[in-house]
Amino acid sequence: MRRVTPRGRFLLATLAGLVLAGLVHIGVVLLIPRLSETDALSRARTGESLDHAMPVYTLVTGDGPAPPEAWLPIPDPAVAVGICAYDLADGPMRVSARTGPLMLSLAVHGRRGAFYAVTDQAAVRGALDLVVLTRAQYDEALANADENDVSRDVRIVAPDLRGYVVVRVIAALPSQRPAANTAVQAVSCTVDLPAEDKAGG
Amino acid sequence: MRAADMAAPVRAESHAGAGAGVPTAAARVAGAVREAVRRASTVSLVLYALALGAGLGLATADYATRGGYPFGGVAVGAWTAWPRTGSVGADPYARAVNARRGEIPLAIGEGMLLTAAQDDEGRMLDATCTYAIAGITPPARAWTVTVAGRGPRDPDRTIVREGYTSTETLRERDGRFVITLSPEVQAGNWLPMPRASGPVRLALRLYDTPVAASAGTLDRTAVPAITRTGCAA
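Residue numbers (the working numbering), protein chains in the order written: chain A, 1 to 201; chain B, 1 to 233.
Looking at chain A on its own, in the form it has when it is part of the complex (with noise of 0.2 Å):
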């Protein structure tokens, strides 16, 4: 090998930790979201074992000032957020909403995003029916569906077995407020066992 001088020895040195430190930057901004204990999802898993969605951001009533659990970091001051985290391991997740005067939207959020939105406009006769699935539970959930029966849920087959769903229900007006944080509490996160589904019909 040829003789190398310090100088360039101390600029390959320079160049391969520069190197370094883009892949460092990368895989660092890759990992984030994984290793993440303030994200969404994992402050979504602590309120799991709840059947209707976890508030977190409640709107701001007469009674008083803005509640402890708003972590969100800009909020929407007329818009009231609620969670349910899903583990489709133990099952599809049956997500029922009322619509009522408010305008209310779910999105179902992925690992790497929300895949799914829907809006009270899509309810049919009052009622929006979303149930989360992964692809082999919706491969069974169509062999054992009945043809004469129609099913007004709304199937989505989700891409991780882990996410959560939102409810944002917007309040136009200071007085519908409360209105609104009940709406975001009366959705309703189940999980859809296939038991209870045949019985169901």
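Since the hints were made in silico from the structure, they are not lab data. Cβ coordinates follow ideal geometry from the N, Cα and C atoms, glycine included. Be aware that one or more of the hints could be misleading.
To spell it out: a stretch of chain B is covered by chain A in this simulated footprint if at least three of its residues, at any positions, have a beta carbon under 8 Å from a beta carbon of chain A; those stretches are [stated by the list, open to error]:
id, region
1, 40-48
2, 99-106
3, 160-168
Now the stretches of chain B that chain A is said to cover, found in silico as 3 or more residues with beta-carbon under 8 Å [said to hold, decoys possible]:
id, region
4, 84-94
5, 109-118
6, 134-146
7, 209-223
Since chain A is already given, all that's left is putting chain B on it; use the hints.
Relative to the frame of chain A, chain B by itself:
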């Protein structure tokens, strides 16, 4: 941080050897560095490269994912639209920012976020000035305009109002609106400044809007104009 730790002993060691007789401090440091480079063993060079890589990589990753989204925005007049920060197609930086802040971004079918930190002439929004946010918004079932400062809120300041919704806003006969963002009480739609001084930001959230899928086609007449009408200073 680690890079600095590694560099320090090397420099200190060479200071002893090359210190005497050099007139200025800058020349002495340069001489010391040259001396260190010449004497450096392979092991110390490898350590230097590792430290440089780790330090620089971590620092730049932290910088890029701290605060707002580094890129992916679509400039529309004074506003920046963020159509993809919540979708599966979000770039890794947007995902990292969301994860670090615990943000729940709006999905494409749900709505779209637009932010503004400058007025139409490119000056930073300042809490001591008065601004008119006037015009129309892109089609949406509902929208809200919110003002926020950076950092935590001042606990002593009573919050009169943080934003307007599309239903609350008083409008002209042709459907246009003017929201006055000012530290002083104003007639019409008055949005108080959230803090006494410093920069502020505006957020325009469009809910249930068709434009989220085609944010690139918006032009500046479709979003409200932000005009500075006066400053207290």
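Numbered hints the structure breaks, given as an ascending list: 7
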